[in-house]
Amino acid sequence: MNEPFLQVRDLKVHFPVRTGGLFVGQYTPLKAVDGVSFDLNPGETLGVVGESGCGKSTLGRAVLQLIGATDGVVSWLGTDLTSLNKKELIAARENLQIVFQDPLASLDPRMTAGDIIAEPLRNYRPTLTKAGRRKMVEDMMERVGLLPRMINRYPHEFSGGQCQRIGIARAMILRPKLVICDEPVSALDVSIQAQVVNLLMDLQRDFGLALLFISHDLAIVRHISHRVLVLYLGKVMELADKAALYATPRHPYTQALLSAVPIPDPTKERNKDRILLTGDLPSPINPPSGCVFRTRCPRATSVCAETVPELESAGEGQEVACHHWQD
Amino acid sequence: MTSVLEIDKLTVSFSTPDGAVEAVTDVSLSVEAGECLGLVGESGSGKSQTFMAAMGLLADNATANGHIRLDSMDLLSASEKKLNTVRGERIAMIFQDPMTSLTPHMKIGRQLAEVLIEHQGVDKETGRRRSREMLDRVHIPEAERRLDMYPHELSGGLRQRVMIAMALMCEPEVIIADEPTTALDVTVQAQILDLLTEVKDDLGAAIVLITHDLGVVAGLADRVAVMYAGRIVEQGTVADIFAAPTHPYTQGLLACTPRLDVETEALVTIAGQPPNLQNLPSGCSFHPRCPHVFDRCKAERPSLENLSNGQAKACFRAAQEAAE
Ligand SMILES: Nc1ncnc2c1ncn2[C@@H]1O[C@H](COP(=O)(O)OP(=O)(O)OP(=O)(O)O)[C@@H](O)[C@H]1O
Ligand SMILES: Nc1ncnc2c1ncn2[C@@H]1O[C@H](COP(=O)(O)OP(=O)(O)OP(=O)(O)O)[C@@H](O)[C@H]1O
Ligand code: SF4
Ligand SMILES: [Mg+2]
Ligand SMILES: [Mg+2]
Chain Y
0 MNEPFLQVRD
10 LKVHFPVRTG
20 GLFVGQYTPL
30 KAVDGVSFDL
40 NPGETLGVVG
50 ESGCGKSTLG
60 RAVLQLIGAT
70 DGVVSWLGTD
80 LTSLNKKELI
90 AARENLQIVF
100 QDPLASLDPR
110 MTAGDIIAEP
120 LRNYRPTLTK
130 AGRRKMVEDM
140 MERVGLLPRM
150 INRYPHEFSG
160 GQCQRIGIAR
170 AMILRPKLVI
180 CDEPVSALDV
190 SIQAQVVNLL
200 MDLQRDFGLA
210 LLFISHDLAI
220 VRHISHRVLV
230 LYLGKVMELA
240 DKAALYATPR
250 HPYTQALLSA
260 VPIPDPTKER
270 NKDRILLTGD
280 LPSPINPPSG
290 CVFRTRCPRA
300 TSVCAETVPE
310 LESAGEGQEV
320 ACHHWQD
Chain W
0 MTSVLEIDKL
10 TVSFSTPDGA
20 VEAVTDVSLS
30 VEAGECLGLV
40 GESGSGKSQT
50 FMAAMGLLAD
60 NATANGHIRL
70 DSMDLLSASE
80 KKLNTVRGER
90 IAMIFQDPMT
100 SLTPHMKIGR
110 QLAEVLIEHQ
120 GVDKETGRRR
130 SREMLDRVHI
140 PEAERRLDMY
150 PHELSGGLRQ
160 RVMIAMALMC
170 EPEVIIADEP
180 TTALDVTVQA
190 QILDLLTEVK
200 DDLGAAIVLI
210 THDLGVVAGL
220 ADRVAVMYAG
230 RIVEQGTVAD
240 IFAAPTHPYT
250 QGLLACTPRL
260 DVETEALVTI
270 AGQPPNLQNL
280 PSGCSFHPRC
290 PHVFDRCKAE
300 RPSLENLSNG
310 QAKACFRAAQ
320 EAAE
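Heads up: the sequence lines are chains Y and W, in that order. Note that numbering that gives the first Met the number 0 has the first sequence beginning at 0, numbered continuously upward. Note that numbering that gives the first Met the number 0 has the second sequence beginning at 0, numbered continuously upward.
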């Protein structure tokens, strides 16, 4: 049995949100992440999908302890990250990196590409000589498809796709074991998206790293992931191997999500069966009782309003939280 | 059928501190009643500016040349006063961000009614009644109650519906939808696309759908135009463009779009970067990224040629192959 790599157990992140009312200073917990559990292994990619506001970014940040967890365990190589002090956490972060959605906004505009990529080296490899650092940065730039001669340029002199490559180079320079990618290609044109996705997959293969790939694009997630976690209002609706999730989605929400993705083929797109969900996402401050999906679910019955469905096995490598997945 | 809106050799350029930027070059397009024209292309390719010109909404530093005809009226040379009577009445625009058309601190009912009061001189009561009917029509639940709400009190999907309702108030002949679902979740996008299909079928309006999402175009458009670096590089029926794209850029775009219906090993990419408008490549603007480039592409610009099936493309490749 392998050493457990990343184990997340019953993770909760509740934000205190001021709610109106007569009394000033009334706070209600907004359950952005509410009891999420999963494992991640070396060399594996877990895709995290769900609609805007379902808690994807909060989950990613809470795993890295960039946001404090309200409850639960994030066990990294056997150590609970939530129990570490600041110094221990900084040490652990050497192996835990993140790539953000907005390529330009996540890079310091006053630093050159070279300095941005070298920053982790300065912090974690202080004994490295200047020349040694420069060599590593140039090699990494080459690896992610940037011309090393652009090392002294500033972020605004790069295109969106190139900025994302700088962000990836920075995240990869220490050869981390786990990288969290929060919508890394959402802001890019499709032609550039494909380049960046291929780069991430190559780097994963070469370095054997684990990826937590957050995206609302189900087609890209299918391409890059080994397993997929479907979130809705901070809760896991389904967690399954990629093949199972896309071939035989069991949760009504997964089914609706998949059926809503437009297919770039006029004949297929116009003739496919679509499960149209009515209404919008409920407010996370006041989520529905029982199953949080029930207000939009075509299969909901009275039990769904009363009892929270637990994740249960729906076959090999597939877990689903629904009272009626077998109906 | 005759075209409702016809764009003829449109060129839009912006004067900037770094010199002139030509964002739209020699674009000709038309759209008929009851038809949906999809306009696709990468960010910055000139999709929005083409139709901002039609709406008379170009920025102050812009110069537009060519003709944009709505029936017999030339919108490009029309006075601001004349444009004001046409905008919202005969041609309306739906944006990605509903808040660009909605006023934040005005009740929804009043905003909708105002369009009718301004263009058709109806009284307040009629305005309110027809506003409620329009909210019903775009399937907004509890329409009566929504009339007295402010835009920020609605979800993104509902706000988008309100904007569509506003665009429909005068039953315009032409609706320009610029990335109408890009900011929405897929489940809500599906609802809005259904609504647009309904609008096209029931109202017989001409719809221009600007998007970078080929899946959205596949579901809604009858014809498709593909833009690259300010020019139309290919045009045809939705069936032809998807089944038999002829321009290498269209082919690349289709190939690199990840899709749910087919499993692929590695994603196909288009090499290189989108072009810099201020420093366009010689000849065909796509040539530095094109897998089929040959000498002529670097020296000469291919013009948009009509093919026998009504498709059109701007590429030398077929001519070259035929010659070989
Ligand atoms: N600091 C915060 N304080 C209060 N609420 C927050 C905070 N950060 C996030 N939230 C709320 O938590 C929920 C989850 O947000 P999160 O950003 O994780 O969603 P997401 O799935 O990443 O969405 P998107 O797809 O839009 O990026 C949302 O309702 C959001 O408004
Ligand atoms: N006021 C302006 N001054 C200078 N350049 C401008 C101005 N407005 C637009 N442009 C440029 O015109 C070009 C075309 O822009 P346009 O908005 O039409 O692109 P688009 O195809 O709609 O892209 P997107 O998919 O990002 O919306 C861009 O390069 C843009 O930077
Ligand atoms: S538990 Fe009920 S409401 Fe929730 S997804 Fe299943 S059927 Fe729908
Ligand atoms: Mg997010
Ligand atoms: Mg645009």
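Treat the hints as calculated values from the structure; they're not laboratory data. A portion of the hints provided could be inaccurate.
[To be verified] Computed footprint of chain Y on chain W; a stretch qualifies when at least three of its residues, placed anywhere within it, have a C-beta under 8 angstroms from a C-beta of chain Y:
1) 118-130
2) 178-192
3) 228-242
4) 250-263
[Said to hold, decoys possible] Residues from chain Y shown here face chain W by an in silico Cβ test under 7 angstroms; the list is partial:
5) Ser185
6) Val189
7) Val307
[To be verified] Short derived list, chain Y residues pointing at chain W, Cβ under 10 angstroms:
8) Lys129
9) Gln161
10) Val196
11) His225
12) Ala243
13) Tyr252
14) Ala299
15) Thr300
Glycine included, every Cβ here is placed at the ideal spot set by N, Cα and C.
Tested hints:
1. 118-130: Coverage by chain Y is violated for the region 118-130 of chain W (0 residues, Cβ < 8 angstroms).
2. 178-192: Answer holds; 8 residues pass the 8 angstroms Cβ test.
3. 228-242: holds (count 3)
4. 250-263: holds (count 11)
5. Ser185: With a closest approach of 11 angstroms, the serine 185 of chain Y hint is violated.
6. Val189: This interface hint holds because 5 angstroms falls under the 7 angstroms limit.
7. Val307: Violated, because the Cβ-Cβ distance from valine 307 of chain Y to chain W comes to roughly 22 angstroms (cut-off 7 angstroms).
8. Lys129: 31 angstroms, violated
9. Gln161: Holds, because the Cβ-Cβ distance from glutamine 161 of chain Y to chain W comes to roughly 7 angstroms (cut-off 10 angstroms).
10. Val196: It holds, given that the least Cβ distance between valine 196 of chain Y and chain W is near 6 angstroms, below 10 angstroms.
11. His225: 13 angstroms, violated
12. Ala243: 13 angstroms, violated
13. Tyr252: Where the cut-off is 10 angstroms and the nearest Cβ of chain W is about 9 angstroms from tyrosine 252 of chain Y, the hint holds.
14. Ala299: Nearest chain W Cβ about 16 angstroms off; hint violated.
15. Thr300: Violated - the Cβ of threonine 300 of chain Y stays beyond 10 angstroms from chain W, reaching only about 21 angstroms at its closest.
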